[in-house]
Amino acid sequence: MKLDLLEVLGVRRAEGVHPPGRKLASEAAIERAPLPERVLLPICQHIGAPAKPVVKAGDHVDVGQLIAESGGGCSAPIHASISGEVKTSTTVIGPTNGLPVEAIVIEGDGQDSWVDLSPADPDSLSREDMLKRIAEAGIVGLGGAAFPTQVKLDRPPDSPVHTLLINGAECEPYITSDDRLMLEQPDRIVAGIRILMRLLSVDRAHVGIEDNKPRAVETIRQAVAQAGLPGEVNVVAVHAKYPMGAEKTLIKAILGVEVPEGGFPTDIGIVVQNVATLAAIADAVADGRPLVERVVTIAGLVARPKNLVSRFGTPASLLIDHCGGAVDNADIVIFGGPMMGVAQASADASLVKSTNCVLVEKADVRTERSCIRCGRCIGCCPMGLMPLMYVNLVKKSMIEDLADYHLMTCVECGACSFDCPANIPIVSYIKVGKTRLRQLAVSN
Amino acid sequence: MENTERLILSSAPHLRGRTSIARDMYLVVLALFLPTIGAVYFFGLYVLLMIVVGVASSVLTEYVAKRMRRKPFYMDGSAVVTGLLFVLILPPRTPLWIVVVGSIFSIAIVKEAFGGLGFNIFNPALAGRAFVSVSFAGSLGRWIAPTTSWLADAVTTPTPLSEGFATTLTNPELYKALFFGNVAGSTGETSVLLILLGGALLLAFGIIKWHIPVFYVATVFLLSWAMGQDPIFHILAGGLMLGAFFMATDYVTGPLTTRGRIIFAVAAGVLVVLIRVLGNMPEGVNYSILIMNAFTPLIDRYVRPRPYGLVKSKGRG
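The listed protein sequences derive, respectively, from chains D and A.
Quick note on numbering: the numbering used here labels position 366 of the first sequence as 366, and the sequence is numbered without any gaps.
Quick note on numbering: the numbering used here labels position 235 of the second sequence as 235, and the sequence is numbered without any gaps.
Hints in this document: simulated from the structure, not taken from any laboratory.
Predicted model only: the values in this text are computed from it and were never measured.
It cannot be assumed that every hint is accurate.
As the list claims (entries may be wrong) - 25 Å max Cα-Cα, derived PhoX-like pairs, lysine-lysine:
1) D:Lys396 x A:Lys176
2) D:Lys23 x D:Lys152
3) A:Lys71 x D:Lys395
Said to hold, decoys possible - Not the full set, but computed from the structure, chain D residues with beta-carbon under 10 Å of chain A:
4) Ala145
5) Leu359
6) Arg376
7) Val411
To be verified - Output of the computed footprint for chain A on chain D, the stretches with three or more beta carbons under 8 Å from beta carbons of chain A:
8) 151-163
9) 184-192
Here a beta-carbon is modelled for each residue, glycine too, at the ideal position from N, C-alpha and C.
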């Protein structure tokens with residue numbers, strides 16, 4: 001961990017925290033996870049409208065076959081992740097938001113037979129063809145947000161994009177899936193960069209990787225140098241600090257600009273894509289392969305932490321058992337990292353597209369105390385907010401005042417809660433505040 | 001995995017830093033040990049008795065107040081800090097009953113009546129000190145010279161900031177006495193050296209940032225100099241250093257942002273000099289901080305960090 005002198009001296013706000021890295025699986029080469037016997041595929045694994053199922057119970061499906069089509073302008077289709085028979089669909093607890101969601105059930109036949117893929121030469125495809133292949137492959141942002149990728153890439157001509165920013169920061173503790181992908185499959189990532197630079201007609205790209213992953217920085221640098229990409233591509237080793245991998249933080253760190261409040265990076269001509277998304281884009285555009293699997297880190301209190309290529313819909317318990325099972329009375333299973341991940345009600349919860357990590361841990365439950373106004377949450381907020389005010393205002397139901405303190409700018413990274421000596425679950429208050437502020441906006 | 005049916009559903013973040021209120025408070029107590037040792041060394045074992053009584057009555061008062069308010073009592077160290085600080089800013093021969101009454105006032109009225117730790121407007125130790133000064137002025141006026149034999153009866157003498165103070169010392173000798181603490185004054189405020197060492201601990205542990213002490217002391221230095229006073233004397237004498245490191249830096253009663261804290265410190269520094277030079281009280285540190293405590297909500301209302309991506313022309317978002 002490198003310390004910034006200006007931060008230590010308090011001349012500049014820290015704008016982040018330094019949680020312990022705990023990258024337990026950083027030496028574990030990517031392996032294939034065992035094929036699950038049965039998968040549960042929620043029809044909404046992305047931000048936006050749920051997908052619409054196009055199969056019925058009793059249908060036979062092959063791997064990669066469309067089972068639910070895109071449900072609207074901002075949506076993504078879902079594909080079968082194993083071959084077998086579709087069963088009656090069921091309702092599961094959404095692994096990302098805890099809300100009930102319909103899930104398509106496939107009982108596997110153990111054959112792993114794929115649909116016929118339609119490879120193409122990416123350089124000969126038009127922009128529209130590329131977008132269509134990305135949309136049809138059901139690709140969403142794999143860094144955690146799961147925003148449908150083609151929506152991000154399909155820019156109207158009047159809002160041109162000038163810079164592609166590739167996010168390989170991977171700032172959450174424990175998670176190593178992007179790190180291993182960069183080390184082992186840099187060519188897929190570079191192929192993705194080439195496709196997006198053509199698709200967006202940009203000649204400038206930056207790859208941001210935290211400086212605690214020097215091997216990944218070196219590997220991607222070499223791969224980029226050898227690839228002869230159409231334009232200037234910089235691989236930047238950014239300061240290892242949480243939440244460096246948050247889109248807006250990374251933009252500020254690398255490009256020195258800020259996304260206007262309430263806006264998106266595309267508003268200022270920047271498209272940000274995670275490295276795993278780029279690999280998936282390369283698969284979709286070059287091979288016509290739909291998104292049915294991804295690298296998932298299994299870490300924490302498991303016997304052997306691993307990075308596993310896992311099919312979506314796989315129950316987490318299968319992966320945990322493949323890593324030697326949980327140890328030391330672990331009592332919490334988190335999808336995602338420890339800072340922003342979602343605790344699951346059951347270890348059998350199914351992997352979805354945004355699940356980059358299955359973290360098995362012992363819960364650190366602490367008693368909430370009164371705020372002592374130490375101001376640490378303000379010092380470490382990457383968005384320049386006053387998190388303690390949200391706690392006060394939500395407690396007092398002063399919802400209108402939340403907007404005065406720019407509540408909607410919060411990215412819920414959890415740095416404030418991490419550093420809070422009073423153990424206040426600040427992010428939980430913020431989520432309540434956002435919901436109530438939205439309700440207020442609707443009722444007005 | 002085993003026990004799949006008994007998973008905990010906590011909300012993110014699931015990882016917390018190694019930080020707690022008790023850790024902060026006991027580190028402050030640790031840093032205060034240095035001036036405390038100085039207090040006992042310079043003014044005798046009676047001061048130790050005052051400290052025991054002050055801390056015990058503070059903690060007991062908090063316990064009783066929490067029971068009366070039907071709130072949980074945590075031994076988080078905040079009452080220990082208040083009791084200890086309160087004794088460190090009392091004259092060395094303060095009657096024990098005043099120590100008890102002041103501690104009860106600090107905790108019960110200044111802190112718990114406002115809602116307990118985190119909700120009090122004024123620094124409890126300083127407000128308690130102000131309360132006993134106005135209530136028992138006669139019993140508090142007795143300042144004594146530092147004593148070398150710990151149990152000896154002490155000699156009454158004015159403090160360096162008092163009106164009757166006269167010294168045969170040359171300037172360097174006086175500065176040296178003030179720096180090491182070999183002068184009359186409140187129990188824990190005389191030794192600048194020990195306070196600086198304690199303050200360095202607070203800085204090293206990350207409990208405080210440097211802004212408040214530096215801007216507070218620098219303001220006193222520059223303004224007293226501009227007003228034709230001896231600036232070195234003014235920053236070494238009285239309770240300035242103790243106030244700068246241990247009281248103006250109180251989280252609860254000070255501003256939240258760094259810029260707010262600088263405004264707080266500079267304004268408090270101005271008040272110290274104005275009270276010392278123009279006022280009719282010898283010392284102004286206590287009231288400078290209490291007055292700025294009252295301004296803290298105002299400062300926090302107007303001094304806020306700039307949010308990421310704020311578009312100025314759009315106005316309030």
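Outcome of the hint check:
A hinted pair counts as satisfied when its Cα atoms are at most 25 Å apart, and Lys396 (chain D) with Lys176 (chain A) does not qualify at roughly 53 Å. The hinted pair formed by Lys23 (chain D) and Lys152 (chain D) fails the criterion: a straight-line CA distance of about 30 Å is larger than 25 Å. Between Lys71 (chain A) and Lys395 (chain D) the alpha-carbon distance is near 17 Å, which keeps this suggested pair within the 25 Å criterion. Annotation: Ala145 (chain D) was flagged as interfacial toward chain A, and the flag is violated, the nearest CB pair being 14 Å apart, outside 10 Å.
The criterion of a C-beta within 10 Å of any C-beta in chain A is met by Leu359 (chain D), whose closest approach is roughly 8 Å, and the hint holds. Because the closest C-beta pair between Arg376 (chain D) and chain A is about 8 Å apart, less than 10 Å, the hint holds. The interface hint given for Val411 (chain D) is met, as the beta carbon of that residue sits about 9 Å from the closest beta carbon of chain A, less than 10 Å. Residues of the segment 151-163 of chain D lying with their CB closer than 8 Å to a CB of chain A number 0, which falls below the three-residue condition for coverage.
A stretch counts as covered by a chain when three or more of its residues have a beta carbon under 8 Å from one of that chain; for the segment 184-192 of chain D and chain A the count is 0, and the coverage is violated.
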